[in-house]
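Participant: Below, each chain spelled out in residue letters.
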Amino acid sequence: MNFESVFLNVLYFAAVIYTFAFVLYGIRAIKGPTTADIILAVDCLSFDMAAFMVVLGIYFKSIMLASGAIILSLWAFMLDIYYTKYVLYGEVEV
Amino acid sequence: MIELHLIILAIVVSFGFVFSYLAMKEHDLLKALALSSVQSTFFALGFYILAAPDIVLAYLAIAVGAYTALIILAISKTERYEVGE
Amino acid sequence: MIIEEAVFVIGSIAILLGAIYDLIAAIGLLRFPDFYMRTHAATVGTIGGAALPVFGAGLVALVYHPLGSQRFFMAGIAFTVGILILIIAPTGSHSLVSAVYFGKVGKKPKLVVDQLEEDLPKRSDVAELVREHEELPGEEEEPKFFFRGMKR
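Protein chains in written order, with our numbering: chain A, 3 to 96; chain B, 1410 to 1494; chain C, 7 to 158.
One should not assume that every hint holds.
EDC-like mimics (lysine to aspartate or glutamate), calculated; alpha carbons at most 20 Å apart, straight line [claimed, not checked]: (1) A:K87 with B:E1488; (2) C:K113 with C:E123; (3) C:K114 with C:D40; (4) C:K110 with C:D125; (5) C:K110 with C:D131; (6) B:K1486 with B:D1437; (7) B:K1434 with B:E1488; (8) C:K113 with C:D40; (9) C:K110 with A:E93; (10) C:K110 with C:E123; (11) C:K110 with C:D40; (12) C:K113 with B:D1437; (13) C:K110 with C:D120; (14) C:K110 with B:E1488; (15) C:K113 with C:E124; (16) A:K63 with A:E6; (17) B:K1440 with A:E93; (18) A:K63 with B:E1412; (19) B:K1486 with A:E95; (20) A:K33 with C:D40; (21) C:K110 with C:E124; (22) C:K114 with C:E124; (23) B:K1440 with B:E1491; (24) B:K1440 with C:D40; (25) C:K114 with C:D125; (26) C:K116 with C:D40; (27) C:K110 with B:D1437; (28) B:K1434 with B:E1491; (29) B:K1486 with A:E93; (30) B:K1440 with B:E1488; (31) A:K33 with B:D1437; (32) A:K63 with C:E10; (33) A:K87 with B:D1437; (34) A:K33 with B:E1435; (35) A:K63 with B:D1463; (36) A:K87 with C:D125.
Have a look at the derived ranges for each label pair, beta carbon to beta carbon [unchecked claim]: (37) B:A1419 with A:Y91: 34 to 44 Å; (38) A:M3 with C:V118: 49 to 59 Å; (39) C:Y107 with A:I29: 17 to 27 Å; (40) C:I16 with A:V18: 16 to 26 Å.
Derived by calculation from the structure, the hints in this document are not laboratory data.
We put the CB at the ideal spot given by N, CA and C, even for glycine.
All chains should be built: construct the whole structure from the sequences, respecting the hints.
Facilitator: See below:
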């Protein structure tokens, strides 16, 4: 079995579906009635984008590219925590 | 495969443009901050597809992390809603 | 090697399944009517749509020979991202839902059973707490039990 051609087909299928899902998340972020909906959409969007970055990094054959996924999944967590702290307690300390 | 790259890049950058416009026109500053973080997440994927990993590392730490934390700190010290014309 | 082919097939199936999960979660996030149901769709999207394809990509990278000797680094990055997502994503969703419930953001939908409502601090309780606290002279501490919605 030729790994490279099979993986190319898998990547083609997955990239189309992931792009469509990104578009749907973006539409929810535009429509969202409250701020919490937008932040929920950002949460999903960033985790899925990190997964897509790892899959795409195998195709590009570069480990420098794939290391951006760790940073993305860690920083996106910060927005949730700061929003929660602002809404519940009114004050934020950095 | 190269066409698929370019299509993904076009979609991502167009969404970033739309979100930056929405963040500019918003009167609730917290909502504007959330919209701006959506824009920076989309642009991170755009830089990734352009094969610039060092810019991705710096842009994520600044635009998704430190920027949102500082703006929420500023909002909590001042007012949330923009008033007046 | 038959083992390498088996690992590759398992990883590819995980990536495809994760993509389909992601599409289902996106449709659910777009179509559900209120915030709590949207949270249900979002947690499907983060665990099934992000953690599963990352582990699949790690399995693929272990046996993907065009990558050269860099493939072990790539698999390490993939498994690290997967474990981080497994830890971080439920924590973020939980804190966001707690912010919406206790901070009274937006309009509350009709709930059949709401057992958490007894745990909400009543306004009289908070006022009594503040009054008790003001009687003691010389203390500067804020009351611990304080939500933003109760302030006015």
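Participant: Does each hint fit the structure? Answer for all of them.
Facilitator: Outcome of the hint check:
At most 20 Å may separate the alpha-carbon atoms for a hinted pair to count; A:K87 and B:E1488 meet this at roughly 16 Å. The hinted pair formed by C:K113 and C:E123 meets the criterion: a straight-line CA distance of about 15 Å does not exceed 20 Å. Proximity of C:K114 to C:D40 is assessed by CA-CA distance (about 9 Å); at most 20 Å being required, the pair is judged to hold. Our distance criterion of 20 Å between C-alpha atoms is met by C:K110 and C:D125, whose separation comes to about 14 Å.
Our distance criterion of 20 Å between C-alpha atoms is met by C:K110 and C:D131, whose separation comes to about 18 Å. About 15 Å separates the Cα atoms of B:K1486 and B:D1437, which keeps this hinted pair within 20 Å; it holds. Restraint check for B:K1434 and B:E1488: the C-alpha separation of about 17 Å stays at or below 20 Å, so the hint holds. The straight-line distance between the Cα atoms of C:K113 and C:D40 is roughly 9 Å, inside the 20 Å bound, and the hint therefore holds.
At most 20 Å may separate the alpha-carbon atoms for a hinted pair to count; C:K110 and A:E93 meet this at roughly 17 Å. Under the criterion of a C-alpha separation no larger than 20 Å, the hint pairing C:K110 with C:E123 is consistent with the structure, at around 12 Å. A threshold of 20 Å between alpha carbons decides the hint, and for C:K110 with C:D40 the separation of about 14 Å falls inside it, so the pair holds. Our distance criterion of 20 Å between C-alpha atoms is met by C:K113 and B:D1437, whose separation comes to about 17 Å.
With a C-alpha separation of about 14 Å, the suggested pairing of C:K110 with C:D120 holds against the 20 Å cut-off. As the CA atoms of C:K110 and B:E1488 are separated by approximately 19 Å, the hinted pair is consistent with the 20 Å bound. Only pairs whose Cα atoms come within 20 Å are accepted, and C:K113 paired with C:E124 is accepted, the gap being roughly 19 Å. Restraint check for A:K63 and A:E6: the C-alpha separation of about 11 Å stays at or below 20 Å, so the hint holds.
With a C-alpha separation of about 17 Å, the suggested pair B:K1440 and A:E93 falls inside the 20 Å cut-off, and the hint holds. About 19 Å separates the Cα atoms of A:K63 and B:E1412, which keeps this hinted pair within 20 Å; it holds. Restraint check: the Cα-Cα separation between B:K1486 and A:E95 comes to about 10 Å, which is no more than 20 Å; the hinted pair holds. Distance restraint check for A:K33 and C:D40: the Cα-Cα separation of roughly 13 Å lies within the 20 Å cut-off, and the hinted pair is therefore satisfied.
About 15 Å separates the Cα atoms of C:K110 and C:E124, which keeps this hinted pair within 20 Å; it holds. With a C-alpha separation of about 16 Å, the suggested pair C:K114 and C:E124 falls inside the 20 Å cut-off, and the hint holds. This hinted pair checks out: B:K1440 and B:E1491 have alpha carbons roughly 11 Å apart, not beyond 20 Å. This hinted pair checks out: B:K1440 and C:D40 have alpha carbons roughly 18 Å apart, not beyond 20 Å.
Restraint check for C:K114 and C:D125: satisfied, since their Cα atoms lie roughly 16 Å apart, inside the 20 Å limit. Between the alpha carbons of C:K116 and C:D40 the distance comes to roughly 10 Å, so the proposed pair stays at or under 20 Å and holds. Between C:K110 and B:D1437 the alpha-carbon distance is near 17 Å, which keeps this suggested pair within the 20 Å criterion. Under the criterion of a C-alpha separation no larger than 20 Å, the hint pairing B:K1434 with B:E1491 is consistent with the structure, at around 11 Å.
Under the criterion of a C-alpha separation no larger than 20 Å, the hint pairing B:K1486 with A:E93 is consistent with the structure, at around 7 Å. For a cut-off of 20 Å, the pair hint linking B:K1440 to B:E1488 stands: about 13 Å separates their Cα positions. Annotation: proposed proximity of A:K33 to B:D1437 holds, straight-line Cα distance about 15 Å (limit 20 Å). With a C-alpha separation of about 19 Å, the suggested pairing of A:K63 with C:E10 holds against the 20 Å cut-off.
Distance restraint check for A:K87 and B:D1437: the Cα-Cα separation of roughly 18 Å lies within the 20 Å cut-off, and the hinted pair is therefore satisfied. Under the criterion of a C-alpha separation no larger than 20 Å, the hint pairing A:K33 with B:E1435 is consistent with the structure, at around 13 Å. The suggested pairing of A:K63 with B:D1463 holds, with an alpha-carbon distance near 16 Å, which does not exceed 20 Å. Between A:K87 and C:D125 the CA atoms are separated by roughly 19 Å; this keeps the pair inside 20 Å, and the hint holds.
A C-beta distance of roughly 42 Å is found between B:A1419 and A:Y91, which places it inside the suggested range of 34 to 44 Å. Our hint of 49 to 59 Å for A:M3 and C:V118 holds, since their Cβ atoms are close to 53 Å apart. Under the hint 17 to 27 Å, the C-beta atoms of C:Y107 and A:I29, about 25 Å apart, fit the expected range. Separated by about 22 Å at the C-beta atoms, C:I16 and A:V18 satisfy the suggested range of 16 to 26 Å.
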